[in-house]
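With chain A fixed as given, assemble chain B onto it according to the hints.
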Amino acid sequence: MKRIAERLYNGIIKENPTFVLTLGMCPTLAVTTSAINGLGMGLTTCAVLALSNLFISILRKVLPDKVRIPAFIVIVASFVTMVQLLLEAYLPSLNQSLGIYIPLIVVNCIILGRAESYAYKNPPIPSLFDGIGMGLGFTFALTILGIFREFIGSGTFFGNRVFPEEYGVTIFVLAPGAFFVLAMLVAIQNYIKDKMEAKGKDTSKIGSGCGMNCMGCPEAKGCSKAEKIKEAEDNDESEEEEKPSEDKEKKASAAEEKEEVKSETSSDEPEKEPAEEEDTEAEDDKESDEEKEESSESDSDDKKPAQNKPSNNKKKKGKRRK
Amino acid sequence: MNGLKEMLLLLVGSSLVSNVVLSQFLGLCPFLGVSKKIKTAAGMGTAVIFVITLASFVAGALYKLILVPLHITYLQTIVFILVIAALVQFVEMFLKKMIPSLYKALGVYLPLITTNCAVLGVAVSNVQKNYGVLKGVVNGFGTAVGFTIAIVILAGIREKMEYTKVPGPFKGMPIVLLTAGLMAIAFWGFSGLL
Numbered sequence: 004m005k006r007i008a009e010r011l012y013n014g015i016i017k018e019n020p021t022f023v024l025t026l027g028m029c030p031t032l033a034v035t036t037s038a039i040n041g042l043g044m045g046l047t048t049c050a051v052l053a054l055s056n057l058f059i060s061i062l063r064k065v066l067p068d069k070v071r072i073p074a075f076i077v078i079v080a081s082f083v084t085m086v087q088l089l090l091e092a093y094l095p096s097l098n099q100s101l102g103i104y105i106p107l108i109v110v111n112c113i114i115l116g117r118a119e120s121y122a123y124k125n126p127p128i129p130s131l132f133d134g135i136g137m138g139l140g141f142t143f144a145l146t147i148l149g150i151f152r153e154f155i156g157s158g159t160f161f162g163n164r165v166f167p168e169e170y171g172v173t174i175f176v177l178a179p180g181a182f183f184v185l186a187m188l189v190a191i192q193n194y195i196k197d198k199m200e201a202k203g204k205d206t207s208k209i210g211s212g213c214g215m216n217c218m219g220c221p222e223a224k225g226c227s228k229a230e231k232i233k234e235a236e237d238n239d240e241s242e243e244e245e246k247p248s249e250d251k252e253k254k255a256s257a258a259e260e261k262e263e264v265k266s267e268t269s270s271d272e273p274e275k276e277p278a279e280e281e282d283t284e285a286e287d288d289k290e291s292d293e294e295k296e297e298s299s300e301s302d303s304d305d306k307k308p309a310q311n312k313p314s315n316n317k318k319k320k321g322k323r324r325k
Numbered sequence: 012m013n014g015l016k017e018m019l020l021l022l023v024g025s026s027l028v029s030n031v032v033l034s035q036f037l038g039l040c041p042f043l044g045v046s047k048k049i050k051t052a053a054g055m056g057t058a059v060i061f062v063i064t065l066a067s068f069v070a071g072a073l074y075k076l077i078l079v080p081l082h083i084t085y086l087q088t089i090v091f092i093l094v095i096a097a098l099v100q101f102v103e104m105f106l107k108k109m110i111p112s113l114y115k116a117l118g119v120y121l122p123l124i125t126t127n128c129a130v131l132g133v134a135v136s137n138v139q140k141n142y143g144v145l146k147g148v149v150n151g152f153g154t155a156v157g158f159t160i161a162i163v164i165l166a167g168i169r170e171k172m173e174y175t176k177v178p179g180p181f182k183g184m185p186i187v188l189l190t191a192g193l194m195a196i197a198f199w200g201f202s203g204l205l
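Line by line, the protein sequences give chains A and B. FYI, in the working numbering the residues of the first sequence are 4 to 325. FYI, in the working numbering the residues of the second sequence are 12 to 205.
It should be emphasised that the hints constitute simulated quantities derived from the structure, not laboratory data. Keep in mind that the hints are not guaranteed to be accurate.
Claimed, not checked - Here are the simulated lysine-lysine pairs, BS3-like style, with alpha carbons at most 27 Å apart:
no., chain 1, residue 1, chain 2, residue 2
1, B, Lys182, A, Lys196
2, B, Lys182, A, Lys69
3, B, Lys50, A, Lys202
4, B, Lys48, A, Lys69
5, B, Lys176, A, Lys196
6, A, Lys5, A, Lys64
7, A, Lys17, A, Lys124
8, B, Lys16, B, Lys75
9, B, Lys182, A, Lys202
10, B, Lys115, B, Lys50
11, B, Lys108, A, Lys198
12, B, Lys48, B, Lys176
13, B, Lys182, A, Lys198
14, B, Lys176, B, Lys50
15, B, Lys107, B, Lys50
16, A, Lys17, B, Lys182
17, A, Lys5, A, Lys198
18, B, Lys75, B, Lys140
19, B, Lys48, B, Lys115
The shape of chain A in the complex, shown without the other chains:
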């Protein structure tokens, strides 16, 4: 019982997916044009999240480790389809206003993120409540954002008029307003984080905007892929001048190897990795630079035999990958 309460508290307050982890920002921005849309989207996601967490947790001992991500996706997609059909049947108006964003719940980072980092490692009941907690946290955040944007933008509260429409700042219900609201949200988050850091509290869990983690979170692999791109950015200037053609190939294969290694390591400690990446950008850059230096050193060690017999080695690698 205590554990269940702890899970709920964790999802709604301590690790709120929107306000703290900053996950799944795409639907957050798109559907919060009104409070009711935010609430609807939040509850839909909550249902999918709870059910998929429960099932993944039940199946966690059956699923082979290597194909777990595709398996997660199929499970989540099935539940999304069910929920979509239910919405079409019983709440057609909500389905109409959420439209394309309902099927897109499949690629919502929160769901696959929770599956990977919690449900796959824990028994069914806590996983279910972890899903419910996270889902309610998401619902809470979407509703707050929806209320805010609807109130400022068109002067209504859940559809009830509070002040005349001509005083509303219409841009807040339009697309640009979503970006501004999110910018303010992340700025506030950064401010609080700075304050907490000044007091010496642990802030590693706090995210910093979708861009740094969103594409990584569905699969732990993605994180290292995101790093790969950063690496490509950094390597562009320094290495290309020396030996462009060879280097690129090596970089690609090196990056792939690294990715394999990382995906193994990250499955051991997925909770830490994304958190590290989510640090503020300046820090992030420094850290990743350091990491890169280390990893590139180790990579170059690995690559030394490859330089001797490049053709042979490449073929071998190709086989291994397949």
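Quick look at chain B alone, frame taken from chain A:
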């Protein structure tokens, strides 16, 4: 002639007027994550154009030839996401073997696109709007071009922004989001085009 005009309107509509990132918020993650430099942004954009065009063709054809005749259109979400994931893997392998030069240019970005919601978004919206295969491909291509335009512009602005002083809490993501918001206002102006 009429058909051509329609296609052109669709192209302008999907790339500029209802820009995939700035008005529909799809593919926001690569938009914010891979826009630090123009070069990588352009690479990502090219890969997205490639994959979305291909994916909208394959998804459209599958929907028309398999899902509709078998009356299992309700399985579209599952089918599309799996097809897209498989397609990206397949394209990666194919390029590596057959066109290494193109693979070198796009390789890094391809796997990232599997989880890009824009790809699934285009496939689903093609079905919801009842576009056929050809119209779907045009819509997909336009959407991807819109994504590329947006991400390259943002990368250009961000490169300049490196040298400006930004107030403390706004450093990093918030200022990028504000920039994206201003870009969204600019793109909103295109709504007069159609």
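For each hint, the structure was consulted:
| no. | hint | result |
| --- | --- | --- |
| 1 | B:Lys182 with A:Lys196 | holds, 13 Å |
| 2 | B:Lys182 with A:Lys69 | violated, 39 Å |
| 3 | B:Lys50 with A:Lys202 | violated, 40 Å |
| 4 | B:Lys48 with A:Lys69 | violated, 34 Å |
| 5 | B:Lys176 with A:Lys196 | holds, 20 Å |
| 6 | A:Lys5 with A:Lys64 | holds, 25 Å |
| 7 | A:Lys17 with A:Lys124 | holds, 20 Å |
| 8 | B:Lys16 with B:Lys75 | holds, 24 Å |
| 9 | B:Lys182 with A:Lys202 | holds, 20 Å |
| 10 | B:Lys115 with B:Lys50 | holds, 14 Å |
| 11 | B:Lys108 with A:Lys198 | violated, 52 Å |
| 12 | B:Lys48 with B:Lys176 | holds, 19 Å |
| 13 | B:Lys182 with A:Lys198 | holds, 15 Å |
| 14 | B:Lys176 with B:Lys50 | holds, 24 Å |
| 15 | B:Lys107 with B:Lys50 | holds, 21 Å |
| 16 | A:Lys17 with B:Lys182 | holds, 24 Å |
| 17 | A:Lys5 with A:Lys198 | violated, 31 Å |
| 18 | B:Lys75 with B:Lys140 | holds, 14 Å |
| 19 | B:Lys48 with B:Lys115 | holds, 18 Å |
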